[in-house]
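Trainee: Could you build the full structure based on these sequences and the hints that come with them?
These protein sequences, in sequence, are chains A and B. Residues 1 to 113 in my numbering are what the first sequence lists, from first letter to last. Residues 1 to 429 in my numbering are what the second sequence lists, from first letter to last.
I should point out that these hints are in silico values taken from the structure, not numbers from a laboratory. Be a bit skeptical, because a hint or two may be false.
Which chain A residues face chain B? A few, computed with CB under 10 Å, are given here [said to hold, decoys possible]: (1) Glu57; (2) Glu61; (3) Cys67; (4) Ala71; (5) Cys75; (6) Glu80; (7) Ser83; (8) Pro85; (9) Thr87.
Keep in mind that this is a model prediction, so the values were computed, not measured. Even glycine gets a Cβ: it sits at the ideal position worked out from N, Cα and C.
So you can see what is in the structure, the chains are spelled out below.
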Amino acid sequence: MTEGVIVARVDEIDDGTAITVDAALIGTVDDIAVFNDGGRFYALDDTCTHEKASLSEGWIEDGVVECPLHAGKFCLGDGEVLSMPATRPVACHRVVVEADTIRVIPNPERLRS
Amino acid sequence: MTTTGAGTRDPGAVVIVGGGLAGYTAAIQLRRLGHQSAITVVDAEPAAYDRPPLSKRLLDDDFSIGELAFATAGELGAQGIVTRFRRSARSIDPERLTVTLDDGDVLEADTVLLATGGRPRRLRVPGADRPEVFVLRTIADAAAIRGQVRAGTRVSIIGAGLIGAELASSLSRAGALVSLIDPVEVPLEAAMGPLLARELHLLHRTAGVELHRDVIAAIEPTNDVDYAAGTVDVVLDGGGRVRSELVIVGIGIVPNTRLAADAGLTVADGIVVGEDLQTSAPGVYAAGDVAVRRLPDGTLARREEHWEAAQLSGQQAAHGMMGLPVPTRGAPWFWTDRYGVHVEVVGRLSGSGEAIVREDGGGRRAFFLIEEGLLVGAAAIDDPNTVRAARRLIDQRVPVDARLLGDPDIAVRSLLTATRRPETRGTHA
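Mentor: In structure tokens form, the structure reads like this:
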């Protein structure tokens, strides 16, 4: 069985934008944001660790997402904090692009028990 | 001293006086830049913590030092950053580079960073020292205000700048009966432009906050027997009296320059620093709200007080202390959260230039100021990405067309992409 869930076709997420995948659909504790940054796709927990905001609505550029609320910055590749006010990383999920589909394999630590 | 980094200066043992955003950021940045010697942060506060929520989320449930702290003591320890919280610096010796604490301890340093911030400006009227009068700068101030406010509490807020406006929002949402007093008809015009300032100021009235355009003559106990002790009248210059159980003064800050002045450092409206954030005393640097920069032409820049300015100033100070090129700054940026809306502002929105308002079908509005074909400022309500795009247009000096900027069907980001040089982003043709 193939791991993870197909969340979109590559042409459904424009460069510099993101979609959210419903937590209920993918079985995680938080919605997952799937980002297109210059044709590379990344997946992180959608909720900023600083205050409640959707990272999918953030500014996406050069491997970084900037939270739409207070501009805390997270690395798209691993969820690490690159700039305050955020101080805790966001969870990162695996992304597999096959032909024109994007599959997200949720981080096992973020699965709903 | 341990030799560190690739800079031209070894900071050696660093003592940072002030653990707010600028001081904390400088400490973290020094480590990121490879500095390995001792770093000690001294602050009278119980932790290094974030202050914007003090006004914005004052009455929220999760309001605690644990929530607001930038890092735990353990996390700081893991970075080799020693903290002396609940201690303040009594004096510094710029010759010997020592910092004497209030408990008599003397910290020896090779480099001292003054990030002493500011304190609330006091109201100078009779009664301003009464126990019903509060200010907001620290978590203790916030806790004191929280302890006084219940649904129905009458609160007068003096000053309708960012802090006063955010407090009015937080307190009115909690059911307090808020009066907001400011002599200016539309506060914050200089900071956010007349159009946005007016729109935001009207939100107070919509939320039921009583607006008074006046200055304060005095704060007097209420003689009316129907009122409990501890109720005061805020007496307005125009003759009005605003009955209040609580008065909060938010009329700006005064930079904490005493340590620097006592040590003989050059002080103006802040501690004067050069391009590398070094003060007039070699080995002593200053950053954050307290620092004021001398420009290459010899004049002094305006002292900045926004959150991001403090963060960037701390980063710059770390570079300066390491003898590394100091990163350049873009246009100043700030945000304010009130009445459920999130506002961002970048650059300059008042003064000369062509003002443009962009309105989409959903009622979202953005404000721009263009001068000589370049964007100089932008702001938006609940549309941060328009401001983030505008910020890059400003900093990269991308020529803009007023008609395109005003067209809600054209994403501001596309103006950036269209003119961005291909090499700035490898994946773009």
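Trainee: All hints are to be evaluated individually against the structure, with a verdict given for each.
Mentor: Going down the list of hints, with the structure as the test:
With its C-beta approaching chain B no nearer than about 7 Å, A:Glu57 sits inside the 10 Å limit, and its interface hint holds. Restraint check, A:Glu61 versus chain B: the minimum CB separation of about 8 Å is within 10 Å; hint holds. Checking A:Cys67 against chain B: minimum C-beta separation of about 9 Å stays under 10 Å; hint holds. Taking 10 Å as the C-beta contact cut-off toward chain B, the hint placing A:Ala71 at the interface holds, the least distance being around 7 Å.
With a cut of 10 Å, the hint placing A:Cys75 at the interface with chain B is violated, because the nearest CB-to-CB distance is about 14 Å. Taking 10 Å as the C-beta cut-off, the interface hint given for A:Glu80 is violated, the closest approach to chain B being about 13 Å. Taken as an interface hint, A:Ser83 checks out: its beta carbon lies about 8 Å from the nearest beta carbon of chain B, inside 10 Å. At a threshold of 10 Å, the smallest CB-CB gap from A:Pro85 to chain B is about 6 Å, leaving the interface hint in force.
Hint status for A:Thr87: holds, given a least beta-carbon distance of 6 Å to chain B, under 10 Å.
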